[in-house]
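> Residue 22 in my numbering is what sits at position 12 of the sequence shown, and the numbering runs on without skipping anything.
Do not rely on the hints blindly, as some may be mistaken.
To be verified - In silico lysine-lysine, DSS-like type, Cα no more than 25 Å apart, as pairs: (1) K48 / K199; (2) K199 / K46; (3) K142 / K48; (4) K142 / K45; (5) K46 / K142.
Unchecked claim - The calculated label-pair distances, taken between Cβ atoms and stated as ranges, are: (6) D161 / L85: 46 to 56 Å; (7) D155 / D128: 12 to 22 Å; (8) G95 / D161: 54 to 64 Å.
Simulated from the structure, these hints should not be mistaken for laboratory data. The beta-carbon is built from N, C-alpha and C at its ideal position, and this holds for glycine as well.
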Amino acid sequence: MIAWLDVAFYGLSAVVGVGAVAALVVWFYAFALRKKLKDRLLSWENPAFGLHTAVLFMLALALLSAGLLSYAFYLKYSAQPEIAGFCRSATALFFLLFLETIAVYGGLQLQHIQVLADRGFYWVSFDWNLLKWRVELIPWEEVYDYYVHTDAVLSTFNLILRDRRVVSFQAPSYLRGEIEQIIDYGREKYVFLWRHGRSVTRSSSES
11 MIAWLDVAFY GLSAVVGVGA VAALVVWFYA FALRKKLKDR LLSWENPAFG LHTAVLFMLA
71 LALLSAGLLS YAFYLKYSAQ PEIAGFCRSA TALFFLLFLE TIAVYGGLQL QHIQVLADRG
131 FYWVSFDWNL LKWRVELIPW EEVYDYYVHT DAVLSTFNLI LRDRRVVSFQ APSYLRGEIE
191 QIIDYGREKY VFLWRHGRSV TRSSSES
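Using the sequences provided together with the hints, build the complete structure.
Structure representation (structure tokens):
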């Protein structure tokens, strides 16, 4: 019995160690990604992150329940030092795993975002071959036009680029008006600068 308790304790300890490393790696990626996203005007959680949220919520709930159950067993077997000691340690380890799961969720949430910036739209994707986030800035001057499909929950924006590519992203429907204002302002600013630049060039050549 005691041998099995020792194996279970060391196994839980190893999982806690792995969880701590995972949390540190996730937050490292989060800070590295945030440094690349400059001049942000509006950002929101990627709707595709909802599945990750559900999985991590269930995992956190299971770990919290396991911690509470271990504490209940600790109280029940307080007269048996070996079992009580294991249950006390297991309670602490399960709560550490619970906190690590919350930390991993927070770091992942910071990474799974969509961003509109003063210069354009940031297209963020994870490269599994290089194990790092790829950030592509799509400048407003490259956006020829766009159209939107909206339902009760999400709005899908489709940016038509001048090289004929179409870049799509989703946002909560309540943000549609604000996002359209940013896109329209960015495109109009580019048109104004382009026309102003042409007029200045024409005036210089005539003089």
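> Does K48 sit within 25 Å of K142, going by the straight-line distance between their CA atoms?
holds (18 Å)
> Is it true that G95 and D161 lie within 54 to 64 Å of each other by Cβ?
Hint holds: Cβ distance 55 Å, inside 54 to 64 Å.
> Straight-line Cα separation of K48 and K199 no greater than 25 Å?
holds (19 Å)
> Starting from K46, check that the Cα of K142 is at most 25 Å away, please.
holds (12 Å)
> Is it true that D155 and D128 lie within 12 to 22 Å of each other by Cβ?
Given about 20 Å between the Cβ atoms, the range holds.
> Tell me if the straight-line CA distance from K142 to K45 falls inside 25 Å.
holds (13 Å)
> Run the distance test for K199 versus K46: straight-line Cα separation, threshold 25 Å.
Distance ~23 Å between K199 and K46 Cα, so the pair holds.
> Check the following: the C-beta atoms of D161 and L85 are separated by a distance inside 46 to 56 Å.
The hinted range 46 to 56 Å holds for D161 and L85, with Cβ atoms some 51 Å apart.
Checked against the numbered hints above, the structure breaks none of them.
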